[in-house]
Amino acid sequence: MNKRNQGKLKVDFKSGISQDGPIIPRKYTVTHSDETGEILVTVAKHYDKSNISNKRDEVFARWFQNGSNYVLCLYLNVDGIERDKNKIEIRNKIFREELPIAITAIRQGDLELIKKHNNLDEADIFIKFNSRYEEFYKVENWGKLKNYKYIDDYDEYELEEDEEEKWVEERRNSLIRKKKCKITMQESIILNLLNPYIENRLCVLYGSNIRYNIEKCEIVDIEELKTLDGCEKIYEVFIVTKIKMNSISRNVSIEFIVKPNNVIVKKVKE
Numbered sequence: 001m002n003k004r005n006q007g008k009l010k011v012d013f014k015s016g017i018s019q020d021g022p023i024i025p026r027k028y029t030v031t032h033s034d035e036t037g038e039i040l041v042t043v044a045k046h047y048d049k050s051n052i053s054n055k056r057d058e059v060f061a062r063w064f065q066n067g068s069n070y071v072l073c074l075y076l077n078v079d080g081i082e083r084d085k086n087k088i089e090i091r092n093k094i095f096r097e098e099l100p101i102a103i104t105a106i107r108q109g110d111l112e113l114i115k116k117h118n119n120l121d122e123a124d125i126f127i128k129f130n131s132r133y134e135e136f137y138k139v140e141n142w143g144k145l146k147n148y149k150y151i152d153d154y155d156e157y158e159l160e161e162d163e164e165e166k167w168v169e170e171r172r173n174s175l176i177r178k179k180k181c182k183i184t185m186q187e188s189i190i191l192n193l194l195n196p197y198i199e200n201r202l203c204v205l206y207g208s209n210i211r212y213n214i215e216k217c218e219i220v221d222i223e224e225l226k227t228l229d230g231c232e233k234i235y236e237v238f239i240v241t242k243i244k245m246n247s248i249s250r251n252v253s254i255e256f257i258v259k260p261n262n263v264i265v266k267k268v269k270e
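Last residue of the sequence shown: 270 (the UniProt record's numbering), numbering continuous.
Worth flagging that the hints you see were computed from the coordinates, not collected in a lab.
The C-beta atom is built at its ideal place from N, Cα and C for all residues, glycine as well.
Incorrect hints may appear among the rest.
[As the list claims (entries may be wrong)] List of simulated lysine to aspartate or glutamate pairs, EDC-like, C-alpha gap at most 20 Å: (1) LYS49 with ASP12; (2) LYS138 with GLU199; (3) LYS149 with ASP221; (4) LYS216 with ASP79; (5) LYS115 with ASP12; (6) LYS233 with GLU199; (7) LYS85 with GLU134; (8) LYS144 with GLU97; (9) LYS27 with ASP121; (10) LYS93 with ASP57; (11) LYS149 with GLU112; (12) LYS55 with ASP20; (13) LYS259 with GLU223; (14) LYS266 with GLU218; (15) LYS115 with GLU223; (16) LYS49 with ASP34; (17) LYS45 with GLU134; (18) LYS146 with GLU122; (19) LYS266 with GLU224; (20) LYS45 with ASP79; (21) LYS10 with GLU38; (22) LYS27 with ASP124; (23) LYS216 with GLU122; (24) LYS146 with GLU38; (25) LYS87 with ASP34.
[Unchecked claim] Label pairs and their in silico Cβ distance ranges: (26) ASN192 with ILE52: 35 to 43 Å; (27) ILE94 with GLU215: 17 to 25 Å; (28) LYS93 with ASN119: 19 to 27 Å; (29) GLU135 with GLY21: 37 to 45 Å; (30) GLU134 with ILE24: 30 to 38 Å; (31) ASN192 with ILE24: 26 to 34 Å; (32) GLU112 with PHE64: 15 to 23 Å.
Just need the whole structure built from these sequences, with the hints factored in.
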């Protein structure tokens, strides 16, 4: 969600629900206006069906507790009022393109609750795509809630040392590009694929005594590179991670060239 969209975000807390809680029951109804571009997030104990249009393009969400952890589940009606499979396929594509905005709107609209209960940002997001057609009826994991921050949330990063200022600014700019590219939902998959290459490169450069955690690693930019034949998909992936060696923490950035059958380390810098 960019700053323009954020300005059109409206949040309505219904009776019995405040910015402090409760977490359960707590249900979200996300609707939008095609005319004004306004996004409305209603937070209540029940879904707000009064704001549902005939288009059935709303998104419902609610919290569930799984042991000591929380899960945010979203529900949407892929078919709507359509019966034509081709039109339903178009609706499915639109939903998938707009869902990152809806999730970001939920997080931003209920940000005070998330700041009070930090563990909510670690919640997994599951989305149920309801449809009469098997190819559209799915339940998918769309990553962690923390991956759907409003763009200006990155201003909250604090500099630990003055000399890190330039590095942090570069990182923030990359994070902005990341949000625009909508790559956050694939982040964990990509990191798992790159993890052996990251570990190998760090061990070669800093030795086997370094402490490295994949949870401290983050993708901040992905760019598709043009090829001569146009058939092969090649990507440049930029990641940052924090390592610890001899009780000293360091921020390291690594650039990869990812080909269908090969991964190349392009550049490493602190």
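Inset, instruction - Sort out whether ASP34 lies within 20 Å of LYS49, counting only the CA atoms. - result: holds, 18 Å
Inset, instruction - Take a quick look at whether LYS216 and GLU122 sit within 20 Å of each other, Cα to Cα. - result: holds, 14 Å
Inset, instruction - Quickly compare the C-alpha distance for LYS87 and ASP34 to 20 Å and report which way the hint goes. - result: holds, 18 Å
Inset, instruction - Quickly compare the C-alpha distance for LYS149 and ASP221 to 20 Å and report which way the hint goes. - result: holds, 15 Å
Inset, instruction - Please test the hint of 15 to 23 Å on the beta carbon pair from GLU112 and PHE64. - result: holds, 21 Å
Inset, instruction - For the pair supplied as a hint, LYS146 and GLU38, confirm whether the alpha-carbon distance does not exceed 20 Å. - result: The given pair, whose Cα atoms are some 23 Å apart, is violated under the 20 Å limit.
Legend entry - Hinted pair LYS27 and ASP124, Cα distance within 20 Å: With Cα atoms ~16 Å apart, LYS27 and ASP124 stay inside 20 Å; holds.
Legend entry - 20 Å Cα cutoff - pair LYS55, ASP20: violated, 33 Å
Legend entry - 20 Å limit on alpha-carbon distance, applied to hinted pair LYS233 and GLU199: violated, 24 Å
Legend entry - Outcome for the supplied range 30 to 38 Å, where the beta carbon pair is GLU134 and ILE24: holds, 32 Å
Inset, instruction - Given the hint that LYS259 pairs with GLU223, test it: the Cα-Cα distance must not exceed 20 Å. - result: Given that 20 Å is the threshold and the Cα spacing comes to 12 Å, the pair holds.
Legend entry - Pair hint outcome, LYS146 versus GLU122 [Cα-Cα no greater than 20 Å]: holds, 6 Å
Against the hints set out earlier in the document, violations occur for numbers 2, 4, 6, 12, 15, 17, 20, 24, 27 and 28.
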